[in-house]
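Quick note, the sequences are listed as chains A, B and C, same order. If you read the first sequence in the working numbering, its first letter stands for residue 1, the second for the next number, and so on. If you read the second sequence in the working numbering, its first letter stands for residue 158, the second for the next number, and so on. If you read the third sequence in the working numbering, its first letter stands for residue 684, the second for the next number, and so on.
Simulated from the structure, these hints should not be mistaken for lab results. Be careful, since some hints might not be right.
Taking lysine-lysine and the DSS-like style, the derived pairs with C-alpha atoms no more than 30 angstroms apart in a straight line are [as the list claims (entries may be wrong)]:
| hint | chain 1 | residue 1 | chain 2 | residue 2 |
| --- | --- | --- | --- | --- |
| 1 | B | Lys272 | B | Lys395 |
| 2 | B | Lys214 | C | Lys745 |
| 3 | B | Lys285 | C | Lys1038 |
| 4 | B | Lys214 | C | Lys1098 |
| 5 | C | Lys720 | C | Lys865 |
| 6 | B | Lys214 | C | Lys915 |
| 7 | B | Lys425 | B | Lys536 |
| 8 | B | Lys214 | C | Lys714 |
| 9 | B | Lys443 | B | Lys403 |
| 10 | C | Lys865 | B | Lys289 |
| 11 | B | Lys285 | C | Lys1098 |
| 12 | A | Lys73 | C | Lys865 |
| 13 | C | Lys745 | B | Lys211 |
| 14 | C | Lys960 | B | Lys181 |
| 15 | C | Lys929 | A | Lys148 |
| 16 | B | Lys235 | C | Lys872 |
| 17 | C | Lys960 | A | Lys148 |
| 18 | C | Lys1038 | B | Lys277 |
| 19 | B | Lys211 | C | Lys988 |
| 20 | C | Lys1085 | B | Lys214 |
| 21 | C | Lys930 | C | Lys714 |
| 22 | B | Lys211 | C | Lys872 |
| 23 | B | Lys235 | C | Lys1085 |
| 24 | B | Lys181 | B | Lys403 |
| 25 | C | Lys1085 | C | Lys960 |
| 26 | B | Lys403 | B | Lys289 |
| 27 | B | Lys288 | B | Lys272 |
| 28 | C | Lys872 | C | Lys745 |
| 29 | C | Lys988 | C | Lys957 |
| 30 | A | Lys73 | B | Lys285 |
| 31 | C | Lys929 | B | Lys288 |
| 32 | B | Lys211 | C | Lys751 |
Which chain B residues stay away from chain A? Per the calculated CB distances, all over 10 angstroms, these [stated by the list, open to error]:
| hint | residue |
| --- | --- |
| 33 | Thr175 |
| 34 | Thr224 |
| 35 | Gly226 |
| 36 | Glu234 |
| 37 | Gly265 |
| 38 | Lys289 |
| 39 | Asp293 |
| 40 | Leu324 |
On a predicted model such as this, the values are computed, not experimentally measured, just so you know. We put the beta carbon where it would ideally sit given N, CA and C, even for glycine.
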Amino acid sequence: MSLAFSEDTRARHERMLARYPNREAAILPTLHLAQREFGHLSAEAIAYVASLLGFTPARVEGVATFYTMYNRKPVGKYHLQVCRNLSCSLMGAEHLIEHVAGRLGVRPGETTADGKFTLSTVECLGSCGTAPVMQVNDDYYEDLSEDKVDAILDGLR
Amino acid sequence: MPNFTLNGISVDVPEGTTVLQAAKTVGIEIPHYCYHPNLSIAGNCRMCLVEVEKFPKLQIACNTVVTEGMVVKSDTEKVRQAVTGVLELMLINHPVDCPICDQAGECGLQIYYMKYGLHKSRFAFEDKVHKKKVQDIGGQIVLDAERCILCSRCIRFLQEVTGTSELEFFRRGDHSEISIFPGRPLDNQYTGNLADICPVGALTSKDFRFKCRVWFLRGTRSICPGCANGCNVEAHFKEDIVYRLKPRRNDDVNRTWMCDPGRLEYKKANEARLLTPVVRENGGLKAEAWEAALSFAAFRLWETVEAHGAASVAVIASPAFSNEELYLARKLAEEVLRTPNVGFSPRSSGNGLSDDFLIKADKNPNTRGAQLLGISEEKFDDIVRKIEGGEVKALLVFGNELADFPGERTAELLSRVPFVAQVGTNEGAVSLAAHAVLPSASFVERGGTFTNHAGRVQRFWMGFPPRGNARGGIEILVGLANRLGAGWTFAGEASVFRAIARSEAPFAGMSYESLGELGQIAGGKG
Amino acid sequence: MELVLTTHFGNERYRFAETYEQLGGYGALRKALSMPKEEIVAEVRKANLRGRGGAGFPAGVKWGFLPKDLSRPRILVINADEGEPGTFKDRLIMTRGPHLLIEGIAITCYALEAHTCYVYIRGEFVREAEIVQEAIDEATAKGYLGKGILGTGFDLEVTVHLGAGAYICGEETSLINSLEGKRGWPRVKPPFPASVGAFGLPTIVNNVETIADIPWIVTHGGEKFASLGVEKDGGTRLICVSGPVKKPGVYELPVGTSLRSIIYEHAGGLRDGKALKAVIPGGSSTPVLRADEIDVGFDIESMQKIGTMAGSGGVIVIPEGTCMVRALSVLMNFYAHESCGQCTPCREGCGWLAKVLHRIENGQGRNGDVELILEVCDNMLGRTICPLADAAVMPAQSFIWKFREEFDGHLREKKCPYGNRF
Ligand SMILES: Cc1cc2nc3c(=O)[nH]c(=O)nc-3n(C[C@H](O)[C@H](O)[C@H](O)COP(=O)(O)O)c2cc1C
Ligand code: SF4
Ligand code: SF4
Ligand code: FES
Ligand code: FES
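Whole structure, please, built from the sequences with the hints as guidance.
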């Protein structure tokens, strides 16, 4: 197995383990760490996490595929996740998604050829008062309009 | 002991009993998929909904513990409508092609939707959620994920029983799919149970797949002959061919499980069988009628005793034979042949596989029985030494092998004995060397008892009469003994067991009635 | 107007311990540490504090379900999953006043004799979790958390646990499974978390807002809190208003404030002169109200009386011109996407509802589809492990009951009269 955590991540991982009464509870946080470290959770990454914590890869895969934030496939450098739930839809999310898709030349679920952007639609992000909303990697962008999105995308080039 | 009312019937149950369990005890069937008596409660299929007085919503019977005075109804229109609704929803994404499904005939889904008069969900979409097609997932199992109703029994089994967790649900919602992790097939010795507990045709047995439609099969209660654990099983057969073994519930022995090697034990009843008595004289083999074969063997034993004394005759019993047969074998040696040379062949290791669950290293079903009947293992070594020293002139061997000896060793040993008679079921090193082969019935073709490693005496029942010209071991032993003047009047295994219960202390007070289906521990503690 | 939570939310520095302390923060904890534990619980009971996570269960009563014996350690879990569409208030507390939550946690754990608390924050809230973690670190440094809090013998360890994208993990037993590193499947009950919860230990799960109210209750007394609201439903609530209103956002208002005034006064009414068509009052899972049904107090019982729920306080305003079939279709996509897949009726039913609504919206509906939807709803309602199936059914039924004509119109005309758009 070639994948492994860096020294730094290993240390973080150890500290994190101490917060829980057992290793099972560390599965979600470890997957988060692995995704940050490896970009996405390949089969190899799943198997690595499983062996690190002492579970079968099937157990870890079952967990990883339950939650939408774990990417089993590679995503672009910027993962654009546009909310498609009701409040955002009422505020124009559908148009926004079409706009972003048109501008990037991809459909939701796809990554641009240069590997820079992945466009996804997601369910309510818990920010409906500032709809429409999109999350790019760890950050929220709120009160979006087409112009605002254009400016954001330009900034991410 | 809380008392409650189920469909108007008053029922007393032990503390902690669920409504579903209680219903079973009074013969009321509450439909269920995810509940399994030997697994944790999942409560996900929602088939076991019942009305419980004072609860506005229907409750699941599998997770409702009976309390004093509870009033439960499982036969109302409301319940029926709810169960029909659940079934109809279940069929949305389930293929309806029972005629080509291997589970047909014992499919929980098929059984209930016929019972509830549904054939196709009105909600069914043309575009069902598609999942992986049939695949070999290791062990004895093939998986057809599209047929899975997501009851999680298999997952719980692999978590709670084997602890190996090879199967999991991946994704969620109606895209949830049962699967192994790619490249990580099932890796435990109990995979066959998955086909048993899967209520539909998602997990099926590779071995049994499409061999025989289940409705042609008949079954008999039996004991797995594969090792000293004595797992309770059901043997399924059609005419005189056995198709499979399935575990039979006995919570003190194997709960509802059995191991994979044990599942294949049925093959011994079908393959390489000795089916007709054979006599070897002047270097040639000759099939004989029973009368002639028995007379021949008896005569040669008598002749040897006469010529060389009783000590020149030996009996090697086998822990693969029943208590009844072992008892008669001992009796034959001690009382008829009057030889001290009786021991049992310690086929102790087999493939050596063992674990701390069901699989025992001792691959014989009745070692403990032989011991309790006073047949010793040490005596076997003694007899082997005597054979090597040329002291044994006639030998009666039970079984197809001597201990774990390689074939050449057995052949070499037996070549030193002027007369070898064998009582055995399958071809093997012994039958190749024997001068008289007396073919005996397989475990499905006769009844009797085995005593497992823990001293539990358990019955097995005859499914069908011995194949070909084979005979039950009791009949063979009585035939031999009486030709040697014994005058035995045993008829059938029950009469032998009565004699055992009378004369053998560890079995004192037992009877077939008291053993029942689940057996009893010998000698209080054995 | 008396505010419980948001008084200082305009202050950028309120999220730091120093400012929080200067403005009186952690006084309640000091007071609580000198009170008998039962007295704290009694004050919370008197406060009529109803859970703000959605179900509205009285907090003090829930705490009383913990087993009396202390042989097994107890755990407090804070539900910061904030997944109910239309709800975005806990995020506000965590970013603007995280110490309110932490002080509430410390008091609650002290009162319940719990020494471990997990704050389960939805995975998308990375920044929010960072702020909460920072606040925990500050509070620990200042002796409000950790070993021997404020010189007493009371120890408390608080851990932030991030979810990973699953609405269902807001349901408390799913959340517990998720915390334990499992798939977020809700558990069958009994046993209830108060007896067998996280890691098999007695566990109390409370919403962020519920716990953030605790310091105020300790400071001002339960009766005072109760008096802010209505009978059996005390205090203020954070009401989230979204949709095309002039001033969407979170408003802290006394429990019982009328829904009309929430929409028209506080949120400024609809934008661009639009008329109101419908309101989902308490997050997407609560039955929809027509425009003529909004003269109702925003409290649990008043909402119940008119057949809906206060839920998690997520008011979604739907303007005239919105296709109700499309709106429902968006919601059903959500529930189908979020069903954990455990229970047959929910797993199959949610997916089915989404597909059928999609076909109706696209003009491919079949005669009888609406009746079939209602039948599937009947087969889902009250038949599952957790209330997610009900959460999907309630909007589905209420949309059809109240806007039936729009569904029939789609079937009749074989197209969407609104042009398949919002
Ligand atoms: C599907 C579903 C989603 C839920 N989501 C949340 C949530 O995001 N946040 C929350 O606090 N409670 C949520 N709940 C309610 C919790 O189960 C639980 O009642 C609540 O956390 C208890 O806290 P409280 O009594 O303080 O409200 C949800 C319930 C269900 C059934
Ligand atoms: S494969 Fe069979 S046992 Fe396993 S979850 Fe599916 S239906 Fe149940
Ligand atoms: S009702 Fe739905 S979300 Fe809840 S446990 Fe059942 S399947 Fe999962
Ligand atoms: S609906 Fe988009 S953030 Fe809530
Ligand atoms: S048997 Fe009770 S829910 Fe499945």
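Do the hints match the structure? See the list:
{"no.": "1", "hint": "B/Lys272 with B/Lys395", "result": "holds (27 angstroms)"}
{"no.": "2", "hint": "B/Lys214 with C/Lys745", "result": "holds (22 angstroms)"}
{"no.": "3", "hint": "B/Lys285 with C/Lys1038", "result": "holds (11 angstroms)"}
{"no.": "4", "hint": "B/Lys214 with C/Lys1098", "result": "violated (38 angstroms)"}
{"no.": "5", "hint": "C/Lys720 with C/Lys865", "result": "violated (34 angstroms)"}
{"no.": "6", "hint": "B/Lys214 with C/Lys915", "result": "holds (25 angstroms)"}
{"no.": "7", "hint": "B/Lys425 with B/Lys536", "result": "holds (28 angstroms)"}
{"no.": "8", "hint": "B/Lys214 with C/Lys714", "result": "violated (44 angstroms)"}
{"no.": "9", "hint": "B/Lys443 with B/Lys403", "result": "violated (38 angstroms)"}
{"no.": "10", "hint": "C/Lys865 with B/Lys289", "result": "holds (24 angstroms)"}
{"no.": "11", "hint": "B/Lys285 with C/Lys1098", "result": "holds (24 angstroms)"}
{"no.": "12", "hint": "A/Lys73 with C/Lys865", "result": "holds (21 angstroms)"}
{"no.": "13", "hint": "C/Lys745 with B/Lys211", "result": "holds (22 angstroms)"}
{"no.": "14", "hint": "C/Lys960 with B/Lys181", "result": "violated (54 angstroms)"}
{"no.": "15", "hint": "C/Lys929 with A/Lys148", "result": "holds (19 angstroms)"}
{"no.": "16", "hint": "B/Lys235 with C/Lys872", "result": "holds (22 angstroms)"}
{"no.": "17", "hint": "C/Lys960 with A/Lys148", "result": "holds (29 angstroms)"}
{"no.": "18", "hint": "C/Lys1038 with B/Lys277", "result": "holds (18 angstroms)"}
{"no.": "19", "hint": "B/Lys211 with C/Lys988", "result": "holds (22 angstroms)"}
{"no.": "20", "hint": "C/Lys1085 with B/Lys214", "result": "holds (25 angstroms)"}
{"no.": "21", "hint": "C/Lys930 with C/Lys714", "result": "violated (38 angstroms)"}
{"no.": "22", "hint": "B/Lys211 with C/Lys872", "result": "holds (17 angstroms)"}
{"no.": "23", "hint": "B/Lys235 with C/Lys1085", "result": "holds (27 angstroms)"}
{"no.": "24", "hint": "B/Lys181 with B/Lys403", "result": "holds (21 angstroms)"}
{"no.": "25", "hint": "C/Lys1085 with C/Lys960", "result": "holds (11 angstroms)"}
{"no.": "26", "hint": "B/Lys403 with B/Lys289", "result": "holds (27 angstroms)"}
{"no.": "27", "hint": "B/Lys288 with B/Lys272", "result": "holds (28 angstroms)"}
{"no.": "28", "hint": "C/Lys872 with C/Lys745", "result": "holds (15 angstroms)"}
{"no.": "29", "hint": "C/Lys988 with C/Lys957", "result": "holds (28 angstroms)"}
{"no.": "30", "hint": "A/Lys73 with B/Lys285", "result": "holds (24 angstroms)"}
{"no.": "31", "hint": "C/Lys929 with B/Lys288", "result": "violated (47 angstroms)"}
{"no.": "32", "hint": "B/Lys211 with C/Lys751", "result": "holds (27 angstroms)"}
{"no.": "33", "hint": "Thr175", "result": "holds (27 angstroms)"}
{"no.": "34", "hint": "Thr224", "result": "holds (33 angstroms)"}
{"no.": "35", "hint": "Gly226", "result": "holds (40 angstroms)"}
{"no.": "36", "hint": "Glu234", "result": "holds (37 angstroms)"}
{"no.": "37", "hint": "Gly265", "result": "holds (24 angstroms)"}
{"no.": "38", "hint": "Lys289", "result": "holds (14 angstroms)"}
{"no.": "39", "hint": "Asp293", "result": "holds (16 angstroms)"}
{"no.": "40", "hint": "Leu324", "result": "violated (6 angstroms)"}
Of the numbered hints listed earlier, those contradicted by the structure are 4, 5, 8, 9, 14, 21, 31 and 40.
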